Amino acid sequence: MMIQKENMIIRSVTNIALDTIEMVLENTYISKTAIPGQFLHAAIEGHTLRRPISIADIDQEKETITILFKILGKGTEKLATYQPGMTFDALGPSGNGFQVDNTRATYLLIGGGIGVPPLYYLGKTLAEKKCNIVSILGFQTEENVFYEERFQALGKTFIVTNDGSYGETGFVTDIIEKAGHFDSYFSCGPVPMLKAITSKLPTKPGLISLEERMGCGVGACMACVIPSADGKGYQKICSDGPVFHAQEVSL
Amino acid sequence: MTNLAVRLPGLELKNPIMPASGCFGFGREYSSFYDLGKLGAVIMKAATGTGRLGNPTPRVAETASGMLNAIGLQNPGVEKIIENEVPFLGAYDTCIIANIAGSTLEEYEKVASTFNETNLVHALELNISCPNVKEGGIQFGTDPSLAQAVTEIVKKASKLPVYVKLSPNVTNIVEMAKAVEAAGADGLSMINTLTGMQIHLPSRKPLIANKTGGLSGPAIKPVAIRMIYEVKQHVDIPIIGMGGVSNAEDVLEFLLAGASAVAVGTANFSNPYVCPEIIDALPETLERYGFNSVEEAIGKGIMSV
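Taken in order, these protein sequences are the chains called A and B.
Residue numbers for the first sequence follow UniProt numbering, so the first one is 1 and each next one is one higher.
Residue numbers for the second sequence follow UniProt numbering, so the first one is 1 and each next one is one higher.
Just chain A, same shape as in the assembly (with noise of 0.2 Å):
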């Protein structure tokens, strides 16, 4: 679907776990056509550069996206003062989504932090489809988990905390033994994250899906660049990703 510059008006703004930020907003347009795994580019009143944010949920009914982001810098910030009402354009839907066919198969969703946003449209369309789903969510605390009880109710879920304040103790990868048979996993995370789960699973097909600081967000400025696994170049995270075959880029 062809990227539109659009006028997101915001229905709420709830505060969900530590600097984490869930934003519903209504939009015909991208509730109409964005897939799991796409984002918006939104831009932010006084920031030169827009802010890519994953797509956590759509109600097409409703014509509502939801969006969950971090409080990591002053775009961030400004962000999460918005209040239910105010607008902001936003371009989308951007990006290559996970592309999900049609096969009723065990998937295993693995996010870490805020990573785990755009997971939980995916567990939903794969829901939808009667696949079956096991999740694997890391969080560095406590404070910072959030969406437990909505991959709950998508099938069997894990909550892993790096301090063990919360689930399970360790990393993501400490867990994947115990949720049993799988035939192929969908990751969003951090690159450290990412590296020690398409290592652990070399043979496995996967989906993963990358961030970076982006210039342009359209696949013009070269900005926001993952060099291929090939070692022939690069892959442009916000056209050709932000989603990639596990083995396809050099992480």
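Just so you know, the hints here were simulated from the structure itself, not pulled from any lab data.
Small disclaimer: the values here were computed from a predicted structure and weren't measured.
Treat the hints with caution; some may be incorrect.
Some chain A residues flagged as far from chain B (calculated, every beta-carbon gap over 10 Å) [as the list claims (entries may be wrong)]:
1. Ile10
2. Glu22
3. Cys131
4. Gln140
5. Phe182
6. Glu212
List time: in silico BS3-like cross-link candidates among lysine-lysine, alpha-carbon distance up to 25 Å [as the list claims (entries may be wrong)]:
7. B:Lys211 with A:Lys74
8. A:Lys62 with A:Lys5
9. B:Lys80 with B:Lys159
10. A:Lys5 with A:Lys32
11. B:Lys205 with A:Lys78
12. B:Lys38 with A:Lys5
13. A:Lys130 with A:Lys32
14. A:Lys32 with A:Lys74
15. B:Lys110 with A:Lys232
16. A:Lys74 with B:Lys205
17. B:Lys205 with A:Lys195
18. A:Lys62 with A:Lys129
19. B:Lys110 with A:Lys70
20. A:Lys156 with A:Lys124
21. A:Lys124 with A:Lys178
22. A:Lys130 with A:Lys156
23. B:Lys159 with A:Lys232
Where a beta carbon is used, it is the ideal one built from N, C-alpha and C, also for glycine.
Fit chain B to the known structure of chain A by using the hints.
The following block gives chain B in isolation, referenced to the frame of chain A:
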């Protein structure tokens, strides 16, 4: 009717607005937002002799009223650009300016002469000012005698008019401008980005992997205006102005300072429609400040001593 047309060496511009090199790729991505035929011209992303992979990431960082970038001239090489990219742009009713870069005089010469193989390109923009690669031309952009040498070689190798893109990272911009004019440049393009750095407090490291990057956006506009204003009084060749342009008022300011046409860079990232929006707003802006045409406004801000 306000006349937006400008005639420059090699370029019959229907309006003075063009996306700046490096901010617009080769036009494909932005062609899904609007008809590129609306633009006065398109300046393509830099071409080098062979393909370059560019710098490690992060390659961009936001700053107050601007951004730093250190892409590192990532491009597929001049031959692939002519084969795969130029024909796409050539299908639009707009002028094409090819930005060329290199690490050696020989590479510049090769890139310039290779562009003779297509008749779809109207002019070259000679990039002697990329601050982001060790050998990307900046050495040619800060030494007047080297700037003169590379301009002479490119002029000799190319059948196209050559606009030399000047670096603001110099003490005496007028001296640089005069040197390339003497070497046969048909025009100037100014300014490129200003070298800068930003340090990330939690990690204590520069935000950009290349450490330094080129500062662009509204933050650098006053520097661009000042440099164009100074240079215009000392050269006879036309200037394509750039540096933080984001609306039609900015365009008029560049015209008043002495630019004959204006490139828009970073603003494309904030608003992909910025170029057509500026073009639509320009007639009214010119009229509001008492001009009937773009050409009438060029250099009108320069106060005679």
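Here is how each hint holds up against the structure:
no. : hint                   : result
1   : Ile10                  : 20 Å, holds
2   : Glu22                  : 24 Å, holds
3   : Cys131                 : 33 Å, holds
4   : Gln140                 : 14 Å, holds
5   : Phe182                 : 31 Å, holds
6   : Glu212                 : 6 Å, violated
7   : B:Lys211 with A:Lys74  : 21 Å, holds
8   : A:Lys62 with A:Lys5    : 20 Å, holds
9   : B:Lys80 with B:Lys159  : 20 Å, holds
10  : A:Lys5 with A:Lys32    : 15 Å, holds
11  : B:Lys205 with A:Lys78  : 24 Å, holds
12  : B:Lys38 with A:Lys5    : 19 Å, holds
13  : A:Lys130 with A:Lys32  : 21 Å, holds
14  : A:Lys32 with A:Lys74   : 31 Å, violated
15  : B:Lys110 with A:Lys232 : 23 Å, holds
16  : A:Lys74 with B:Lys205  : 18 Å, holds
17  : B:Lys205 with A:Lys195 : 23 Å, holds
18  : A:Lys62 with A:Lys129  : 21 Å, holds
19  : B:Lys110 with A:Lys70  : 48 Å, violated
20  : A:Lys156 with A:Lys124 : 13 Å, holds
21  : A:Lys124 with A:Lys178 : 22 Å, holds
22  : A:Lys130 with A:Lys156 : 14 Å, holds
23  : B:Lys159 with A:Lys232 : 33 Å, violated
In summary, the numbered hints that this structure violates are 6, 14, 19 and 23.
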